[in-house]
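I would like the entire structure built from these sequences, with the hints used as guidance.
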Amino acid sequence: MKLDKIKDAILIWGIVSDDGLSILKNEKIVIVPETRPYLLGLLYNAPLLKKQKINFVYCTDNMLGFLFYKDKIKKTIIFYKKLTKKGIICISGSLYVALLSKLHNVAIKIMPQKNLKNIKFLDNSATTLAGKKFILKEDTKFFKSPKDELISYFLL
Amino acid sequence: MNNHSLLYPVKLKGNSIFVLDETKLPFKEYHIKVNKISQALRVLSSMKTRAFGQVLLFLYSAILFEKEISPKELAKRFKKIRPTFDFESLSYILENQTKAGLSLKEVVKNFIESFDRKRRERTKKLAEVLPFNSKILTICNVSGELIYLYEELKKLKKRAIFYVSETRPYLQGTRLTFWELRRNNIKAYLLCDNQVAYLMQKKEINCVVVGSDRSNLKNDIINKIGTYAIARLAKYFKIPFYVLTQYPKDIDLDLVKIEERNKNEVFMFLENIKTSGYDAIYPSFDITKSEFIEKTYEIR
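Protein sequence lines correspond, in order, to chains V and F.
Sequential numbering of the first sequence, starting at 1, is according to the working numbering.
Sequential numbering of the second sequence, starting at 1001, is according to the working numbering.
The hints are simulated quantities; they were obtained by calculation from the structure and are not laboratory data.
One thing to keep in mind: the hints can contain errors.
Once the Cα atoms are required to be at most 30 Å apart in a straight line, the calculated DSS-like pairs of lysine-lysine come out as [claimed, not checked]: (1) F:K1080 <-> F:K1105; (2) V:K147 <-> F:K1203; (3) V:K144 <-> F:K1263; (4) V:K141 <-> F:K1158; (5) F:K1274 <-> V:K5; (6) V:K144 <-> F:K1238; (7) V:K86 <-> V:K147; (8) V:K144 <-> F:K1289; (9) F:K1024 <-> V:K133; (10) F:K1235 <-> V:K82; (11) F:K1202 <-> V:K144; (12) V:K74 <-> F:K1257; (13) V:K51 <-> V:K28; (14) F:K1099 <-> V:K120; (15) V:K53 <-> V:K28; (16) F:K1202 <-> V:K120.
All values reported here derive from a predicted model rather than from experimental measurement.
Written out as C-alpha cells, the structure reads:
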C-alpha cells in the first residue's frame, strides 16, 4: 500500500482484546505495527484482524513517526497489562507510541489487553529477529532488555 | 583502529567496481563485481549498498562508463531507482570540474579525498560538544563515521557508549553499525527501535548522532525512516540531536519524493512466518525539521 492511500487510521499497540476488535471493525483502516521484539503485530494482531476481515496495513515500529508527521493517524489505542495509581503498565515500546501520539495531538484510548496464556515469543530482544541471530556470537550480551513501561496518566 | 570496511564500502580496481554487499553483513564480507551499468543499477535497487556507498558507486560508475554515458544521464538513471538521494548534485560537480580541465578520474579522486578530510573535520567538531560521558543513540549507519567520532572523543579523553537502534526492516543498525562498533572494540548496546523513548526517560541516553541523506539551507533533513521519531522524542526529553550532513540545498524537503519500497521488503528476514495476504507500507526515509535538531555538521 502507498502512504497516500492511508487516511484517518487507527493505530493499535499491544495485544488486541475482543472489545478492541469490536471498535476496530467500524474503522476505515488500522495500522498494525510490528511491535518488536516480540513481533506481536505479525504473530498475533495481523492474523486476528485478517480473520475478522478488518482492513489493516502492517508497518515496522520506526515508521510510526512518519505516519504521525503525515497526519495519517486519527486515534491511538494502547492495550495495557495493568492499571496502577500512576498510570498504565504496558509492553515495551508503549512509551514510544504514547509520546508520539501526544506530541502530534492524537487522542489515546486505553483498553485492557487480551490475556494470552502461555504465549511464547520467538524473540525477546533486538539480538534476534524471528528467532534468527543477526549479530556475532561474541556480541550477544550487548543489548538493552525490553521492559514493561509505565505510561503516566498525564500522557493519556 | 583499522576495521573500517564501511568507510569505503565501494572500490574501483582496474576495470571493475567492487561493492561490499551490505545485505550479507555481519556474517560475510562479500564484494560484488560490477562491470556494466545495469549491474550498478541492480546493486543500488537491491540495497546492496547505500549512503556513502551509493555515492562511491555513482562516482566510480561515472569513470568506468564514461564512454557510454555522461554523469548527468547516469544521475538520472540512479535517481530513478533512488529518488530521494541527490545524484544530480554529484553529476554537476563532475561536469563542472571536468569542464575546468581535469579528467574524471582526477575529479573523483579529489572529491573522495576532500570528502574524507571533511568527514574527519566534522566529527572532530562534533566530539568537542559531546559530553565527557557520552551515551550516544544512533540509527541506521553513517558509513563508518562513528568510528572517526569515537577516535576524536578518545583524543579529548571523553568516554563514549553507543546505543544502536536496530533500524527495521533492513536492520542497518544491527548488521552494520553495531557490527562495525563491536569489531573495533567500542562499547555498544543494541536496542529495538521502539525502546528509544524508555531509554531516554531513564537517562540512559544523553545525545543523539545521526547521518542524513539530504538537507536544506534551513537545516531540515531527510534520513532513514525512524529518524524523525527519535528527533521528536529527543526534543521532548531535552536531549540534543546532532546531524552529520552534506551539500545542503535551497529546497523544500516536503517536496522531495520519499522512496516507498516494495511491501514485501517489510517482511524481510521473516520468511519463516506467515505473511502472505498482508498489506504493508514502506516509506524508506522520513523528514526531520530543524526545530528538532540541535546542530548540523555539514560538508559543503
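Which of the stated hints cannot be reconciled with the structure, identified by number in ascending sequence?
-> 14
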